[in-house]
Each structure stands twice: as structure tokens, then as C-alpha cells.
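Put together the whole structure using the sequences plus the hints.
One-letter residues, chain by chain:
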Amino acid sequence: MRHSLPLAITPLVACSAIGFMAGSSVGLAGPTLNFGEPVAISAADGRGMGPDIAVGADGVVHVLWIDKAPPPAEPSPEDVAAGHTHTATDQLWYRRSAGPATTGRIAALSSPVRVNSRDGEVWGFAVSKPELDLDSRGNVHVFFTGNDTSEKTGKGLLVARYTRSTDGGASFAPGRTLNSAATNDLSAVMHGGFAAAHAFGTLLVDGDDVQAFWIDTRDMTEKDTAGAAWRAVSRDGGQTFGPDHAAYADNVCPCCQLSAAKSGDRVLLSSRVTYPGGFRDSAVGPAGAGSEQFEPPVRVGEGQWKIEGCPLKRTAIAAADRNVYAAAYTGGRDPAGVYFSRSIDGGRTYLPAILMHPGAAVSDSPAVASAPNGTVIVAWHAKTDGGRRVFLRGSTDGGASFSGVAELPAPAGISAYPELDIAPDGSAWLAWLQEQQVYVVRVTVSPGRDGSVAGLRTP
Amino acid sequence: MQRVLAVTAVLVALVGGPPASAGDLLIPTDPAEFRAALDARRERVVLVNFWATWCRPCLKELPELISLEKKYAARGFELLAVSLDDPADQETIVRPFLAKWFPELRSLMRRSPDMDSMVSVVDAAWNEVLPTSYVLDNSGRVRARLQGGKPVGEFEAAILPLLAKP
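Quick mapping for you: the protein sequence lines, in order, are chains A and L.
162 is the number of the first residue of the first sequence in the numbering used here; add one for each residue after it.
30 is the number of the first residue of the second sequence in the numbering used here; add one for each residue after it.
Don't take every hint at face value.
[Unchecked claim] These stretches of chain L come out as covered by chain A in the derived footprint (C-beta under 8 angstroms, 3 or more residues):
no., segment
1, 76-86
2, 162-173
[Claimed, not checked] A few chain A residues facing chain L, derived, Cβ under 8 angstroms:
no., residue
3, Lys229
4, Pro472
5, Asp525
None of these hints come from the bench; they were simulated from the model.
By construction, the Cβ of each residue, glycine as well, lies at the ideal position given by its N, Cα and C atoms.
The structure is reproduced here in C-alpha cells:
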């Protein structure tokens, strides 16, 4: 068994009171980021990637990730026939803390549980990752992109898959496909000869509502390669789903993973949209409670990034009450990098974006989390004087101002692809990829000593 | 010793040598070997093109880049393609893909799990977007970065000033 981490885990480093790395504007009176003990989640001899993290109402930390093991020397004839030759080694794994994690240290973890029920089912990588969310009963809901074969053409498909655990993560139901069958055939132009893709999705759980979103290529043609955001909704906690339908179809970048959040009674779905002139900028589409249709997505952050390529760049969003927070990379501004925008009217308009990591050679792959008490934490990976490392900024006033840039006290080597979620106590849990291993750590942000804030003030 | 052999194999495969066989189309390469392959190309103008089978704009521009190499090879120009596909897909996707669609193209392919480690050899501040190409002059210095599917004229405009006169 590849996943053989002991239940009793060994903390690596005890860290707190991180020093700031930003420029002179960072003052000691500003918010302070504090870190717990980084904990390895995936196996040291595996090849982890694409982690996601969620913290339950009970404070339990849940982690999901892909393990992409080396391929077999020869694919089996059965796999070849099923079109799964290239993905047979991707597995989806899950672990949780053994109890509420309310301090900077996780005392014990569950054993890893394989989420996918059959080999070859999972398709994913660092920027097309599986997502998980929780409901108030402790059920674990998972969206992932899966492999399938078209009954009509016999060609490979990427499908929107869902599974859940109703026993606290001890086991997962067999995955089910949420998208209806597409009739077009893009196998001549799509990676791996896939006839259609229903991929790069996300998940939002609220009460008994489970909403799954993905980017759909069913209306894509050789000349018009835009995707559309599609949705399937369950009103009974994931037991059944209604028919899928387009959430919005406005020139969605087909390779930029979606992100979803809830602001009051409005659901927000972020994507990248290709605007006139070829600008592929962040956009967030809102929908009212129970609404089948999203309003036209609102352009966020004035990215002005003209790119005819594969950005593979998600726009991360989070919301608390009427505040909506978005963070995304843009190559259209000088300097390029991760920019942060916020809305104070439920996502109808966004204030001008701010650069999160001035001075970095490059910054990318942001994640954002927020709490009703005004805590906002943004994480990303960046290069300053070496390989990629994870950096963060924290706010205690709803994103109006931020701490300086703090480097995650991760082990030596490459740390990248952070993910965040907020715990009920207002702390955040961060998952990231450390070389080829998934780690987590607790992060808290506290206000400045005199109650003021320093560092970065947003418009 | 194995490393020396591997580097030698890369250099032989990419610096002249016997005609490519199907097995030579794709050359798994780590960052050090990639660096060595670039060093072996000093005195030439090199277009390093990072591509992947899943990147449609990459596949659209590759035929034109191959034509560009043919057009200017005599003036010291060379295309050095580098696939950033996942190493796990090497034999099952990338090699058959090359043989089917680009039988004239010999390409390096990353052996390391991290895409950025390969691109960092020429650009420490790569923003993880494909396609990305770099024009290196005959001293190995990066003179231009072209990102996203670009018209071939933009590549031509970037390399022509660096080439030997006809």
C-alpha cells in the first residue's frame, strides 16, 4: 500500500510570528500572520498534486488530493480498449483530522481513503484539480473530472463526476457522471483525442443544496473554441441531481478552472471570459437563490490580458456576507502577477485590483478565504530569489488593508499551489504541494497591536 | 555514468547525428540535460518552443515553426521544441501523438515532475502559460519571449535580425 503514513504524525516545524518580506510600507503595527505546524498529508513516496481542503463546522480538517503514480510499463489491453491508457495511475485520496483541529497542531489523521472506486476513473493535475465541500451533517462531497468513453463514438470523454461520503469520510460512494451526453466530436482537435470535455469544475454545498459546476465543450467547434459554464444541482444532499444546464455561456476560457462561493443568498461562479479584443480576464457571474440562470458575469480586476493560449489560471473567490473577494493572475498589467479585487455590494461591482506581491519575479495560482469577522487570507506561489514558494497576506478588516507579504514556513524546496479554507474559529487551514507531497498548516491573522493596520491598503 | 550517457544521448539526438528513427522523435530530458542541449547550440539562433499535446494553440503554431526552421536552417536557425506534457504520458500519449501528427519534429520532453523546472532553464520568471517560446541568439542569450499563439510573422521578425546574412 502506497499510503502508509502512521496515524501519529510528526510535526516538522513549529512556527509563528512570521517576518514580513515586503517593502518599507510594512509596519509592525499591521496584522500578523501566525502559522502552526506543517503536517505531511500524502505519502512521501507518492506523487501528490492538486490538493483541496475544507474545514467542517465541527473544526475537522478534510483534505483531498490526486496521486499520480508512475505509469505501468505496458497498459493493459482492457485499459487500451477503454481509452484509459494514460490515466490508469491517477488516484484520488482523502484524509481528515481525527477530531477538531482548533490549535496549531493536528494530533492525528485518519488513514488515507481512496475516493475513486475504479482505476482509470480520475483525470486531473495541479490546475485541474478535484474539489471537496462539506455539509452541516459532516458529509463529504467531491467533484472531480473523470475519464469515460462515448457510447456513440467509442472515443474518450472527460466527464463531470461526483461522489460523496455519508460516513464521515470512511468510504465514498461510486462516482456518478453529472453531465448529459454531448453530441459533438472534438477528437481531432482535443488533447488525447477526447470527443468532449466536461471538466475544470468546482462544487458548492449549502444546506441540502449541492451545486456542481464545470466547463463544457458541447458547443465548441474547431473555429470557436470557447467553453461554457454548466451546472447540475442536487436539492437532497447529493442523493439525486437534476438535469444539467448552462449557467452562463459567455466565451468561457476552456482551461481555467471554475470557483464558486456564496454571498448572502447569491451564488457566485468565477471563470475567465474572453472579451472583445482577445482579453481573457476574470469574471464572476452571480445568481439569485434558486435561480436557474446566472446573470451576465461581471468583469473583475481590469486584467486586460490578451492571450491566445492555455492560461490554466483559475480566478479564486470567497465571500462573507456582501463582501466578495477575487484573486487571479493577469499578464496584462505591469507588473504581471496575482491581483486581488473585492466587492462590497455582493459581487455587482468590484473595486480596483491591487498587486499582492510587489517585487516578485512572478506570482501565480492564488487562493482566497474569508470569514464574517473580516478575516481575509490570500495565498499564492511566487518566485523571489529561487524556486517557487508559497506566500500569504492577511486582513482583519474585510480586505480593506493587508499585512505585508509573509513566506509560508514550509520545508526547503518547491512549495506551490496553495488552497485555503476558513475554520469556524476564524483561523484558516492551508493545503499546498511541497515538492511532490501534500501538506497542511493552520494560519491565523491577528490585528495590529494598536488596532491599526499597515502594509497594503486597498481602494 | 548513466547521467553522462543520458546527456550524450540527448546531444547526439539533437545535434545532427544519424537520421531520426521513430524512437528518436521524443527525447526525455531533465533540466541539466536541457541546459546542455542549449549549450551545444551556441553559434546558432535557437527558438525554444514549449508545447504540450493538450495545448491547442501550441499545435496550431507548431507546423509554421517547423516550416520556419526549414526556411532559415541554412542561416543558422534551429527550432528546439520541448514538450511539457506529464512524464507519465510519454509513451501512451506524446510519442504516438508526435508520430501521427508531427513526424518531422524531434522534441525534448520533460522528465521532471515540475514543468517550471524545465522552463526555468531559460526563464526564471515563467508564468506557466503555454505556448511560450524564447528566441536565443548565437551567444545563448534570450532575446525575445513570445507567448500565446502568435502569427508566424512575429517569430520571423524576432529571429531575422539575429541570423547570418544570406
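Original post:
Okay, which hints does this one fail, numbers in order?
Top reply: Violated: hint 2 alone.
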